[in-house]
Amino acid sequence: MYKKTPIKNHLQEIQLISQRSIIAFIFMVILILLLFVRLAYLQISQHTLYTTLSQKNSLDLIPVEPTRGLIYDRNGMLLAENTPVFSLDVTPYKAGNLLKALSEIAKIIALDDTDIVQFQKQLKQHRRFDEIPLKMRLSESDVAKFAENAYRFPGFIIKARLIRHYPFEASLSHVLGYVGRINIDELGDIDATNYSATNYIGKLGIEKFYEDELHGTVGYQQVENDASGEPVRVLNQIHPVPGKNLYLTLDSRLQIAVEKALEGHRGAVVAIQPSTGQVLAMVSQPGYDPNLFVAGISSKDFQALQTSPDRPLYDRALRGLYPPASTIKPFLALEGLNSGIATPNFTLYDPGWFQLKNSSHKFHDWRRHGHGIVNLNRAIITSCDTYFFDLASKMGIQRIDHVLNEFGFGDVSGIDLDDELGGTVASPSWKRKVKGVAWYEGDTINSGIGQGYMQVTPLQLASGVATIATRGKHFTPYLLLASQDPGKSYKPQKPALVNNVDIVNNNFWNMVINGMQGVVNSSEGTGFKLSHAPYTVAAKTGTAQVYSFSKTHYENENSQVNEENIPERLRDNHLLIAFAPAENPQIAIAVVVENSNEATKIARAVLDYYLLQILNIAPTPVTTPTKSAINHIKPLETTGKPHVLS
Amino acid sequence: MFSVNTMKQRLQNRDNGSQYRTIWQCIHIDIPLLFALLLLMSLGLIILYSTSSNDLNVVEQQALHIGLALGVMFIFAQIPPTTYQRWAAIIYIIGIVLLCAVLIMGHTGKGAQRWLSLGVMHLQPSEIMKLAIPMVLAWHYHKIHLPLHLRTVFFSAILILIPTLLTAKQPDLSTAIILVISGVTTLFLAGLSWWIISSILGLVGVGAPIFWFFLHDYQRQRVITFLNPERDPLGSGYHIIQSKIAIGSGGLFGKGWLNGTQSHLHFLPEHSTDFIFAACGEEFGLIGSIILIVLFMAIVMRGLFITINAQDTFTRLLAGSLTITFFVSFFINMGMVTGVLPVMGIPLPLISYGGSSMVTLMASFGILMSIQTHRKLLTT
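In order, the protein sequences belong to chains B and P.
Okay, so the first sequence: first residue is 4 according to my numbering, each after it adds one.
Okay, so the second sequence: first residue is -8 according to my numbering, each after it adds one.
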């Protein structure tokens, strides 16, 4: 083998291979050093960057929804709670063909159109890796059926969550409002971070107004995800801060009593504690079940609510605008006395109409043949229009507007609810601006009996009468009695005084209140149905025409048959403001009933319930209806003709 | 046999005072090499335990591979180099035949035909060629005069290209690359002249674009991705990006054993096989990576030591080629994992989970041991 190979060649070969081996080794060392440099670059100089990237890979912050605060009434009765339900949630990106999956799942769990529509809406608002609730309130059998088939539906999961529930259902719908899924408009207004785990937001009422208090602060879980995005473990967590519990000024017992009294009517009742402005009851009838809205109302149900002629979604107490009609009279009487334009002793003969100087137009009294001789007291008791036509004409619109503004009309009351309407106290500048027409004296006359352009809400009326009850202390009506951080102390809300209605002589209050008591106690009083109560009541009724039947209506005045012949919805609206007990007012109420004359009866039921059942006040001796009120009237001083403005 | 003074001198110095053979030499085991191999493979098992998400079954399976490979190594170490020399050409020819058989009737795995089913076990003929190519070249060069003539270079090129092309056809590009490298290193050690080396490098530069057209789509994708991994972070760039994140986030000391989020949470793909070095870098940091590389280099150095001490051209060329091929394999793997070389699907030798390449590799270390322990002790 070796014989061919000369020795020197062999040596050469060995040297050659050794040489090449050494060259290769030098190459290798250089390459390994370059590799070290590369590793040092990645692991030292780029370490921070890659650490961040690695954490971004695996760590995820999952927001945790705070528990919404509970709502109680003033006695601690639960009005809004959170109940656990099972919901079917979907993570769209995991679901693959979503449409197909939806149609498949519909075979197992009944999905109605509302669920799908809601889901599609949410789908647009969320990212593809967010969990979106598809159906709330799964039944136990739904849960079981899904569990059997869960393997077929990646991305679908059953979740236990808390959902808002209103145990009083329709009774408190207008005040409490409800929560619903966050929509695109709201998405722009809220703090996206704080709501990152929240699906619901207050849409109306207390739920909306106190959204910030009720919502709480979002918590976080820092979780480690694997490459497929599944959380593997929780590394860290910041617990969510639950929302505050709210205690409302409402008395749910009274609220229900009011609701019962109003049953079958369209109307509103607001009851206020005069000494503070706390709203004891606030009912708009008909109501609706707010629970329907929480889970997402079906379009059919919503259509029904929206198209109902009774307009159950319309909060009459807060937004219902009604001509105040005769309920305005005590306020004007006060201003008349205060300004000296009216005196207690001034009398007027009411032939049944009032006429302005230089005008042939007759302003008719509600009673065709008039009330005869009236003074201020009797004018309030009998709700004499002619007297107040005269007074309005003498006072002028400025004074009328001034006093009405003082009592809070023409502007929102400032109650802690959104979307309140302020109504209208008509003024010449208002008329020019809104109607584009000049103010006529006749407008002033109409204002004198709360007709014309005047519009008030039941809440404003209640607040106004509460201010009479306190003799001028005008408090902002409010619903939030106190808020409480869970486990912490109770933080009461203080009453807020808006203004003090300045009346020069305290006696003027007495005169007006006396008149209002006469409304109840006098046989002539328009609020006679409130008499024989074991407590004293000061009240004033009002009747507002919905439709003018012109002369025919007057010709058949006082005819019950005629009233019943009128189509129901064209019948008069009846109003009543009252407070009781008159000498120590505990409650002031405003009742507005559309197309029905049962305002007084309703008021009686409400006052009875509050004063006798809830407050248990000692009955005061029943004052039998007397004519004492009109006995004060001095002999006629007028010529017997209607008073004409001179 | 050799009357060369220098050689005699060296061998005498080396074996100074050790005329007797140790027990290890009797069973033909090279202790430094075995020690380095066992150390590295043990570290490999520790890393594998972590990357397999603490799955002892995987570790047991790999330990079984190691045991089998050690057995193969032991057997190969017993065979004297002269036998390899005698059988070189036959092994090579058998290898070619088996490669052809694979193409005709091989089993498909991972989109490529690589295996021949031999009843109980799978045989991957391309693995045989990893040993057969350097063997047949060394055998050939042993017979002829060195340095190489151009004619010999051409002949060698054909010897290399036949199995390479057959392997690439399977397609198994990564093994084909190793085959080329094992052949080229033998050529290089045999004194391939520098001008041929530079003209080949030149040709590669020109030929690369042409070669491009012969690549499979997935292979092209790998090249594109290598050049710009961020181009497609969730597609083909994902491997490299995640690998760099794993290594980079490891820092100087690493996240600690069993604490690598990239591998444990499955962000790092192939974290037990091709990308195991990234998992090591993540958990043991720069320090751990350097220790691992130093151990690899220790094996390389022992291999080169055996090369230089080998007594004839055949054993020298064979030992040198096997050693350098080992280096190139782990360097390519580390290079691709750290993002300096394209992803070629070459596992990290001795560490990555898997049996076939482990057995071949240990066989090559068995040959190295055989070369070292079968040296004829020269007497003066």
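No lab work stands behind these hints: they were computed from the structure.
Careful, some of the hints might be misleading.
To be verified - Partner residues aside, some chain B positions facing chain P, computed with beta carbon under 8 Å:
{"id": "1", "residue": "L38"}
{"id": "2", "residue": "H50"}
{"id": "3", "residue": "V235"}
The structure displayed is predicted, hence computed values, not measured ones.
Ideal placement from N, C-alpha and C gives every residue a C-beta, glycine not left out.
So, going through the hints one by one against the coordinates:
A least Cβ separation of about 6 Å between L38 (chain B) and chain P falls short of the 8 Å threshold, and the interface hint therefore holds. About 5 Å separates the beta-carbon of H50 (chain B) from the nearest beta-carbon of chain P, less than 8 Å, and the hint is met. Hint on V235 (chain B) holds. Least Cβ distance to chain P is approximately 7 Å, under the 8 Å limit.
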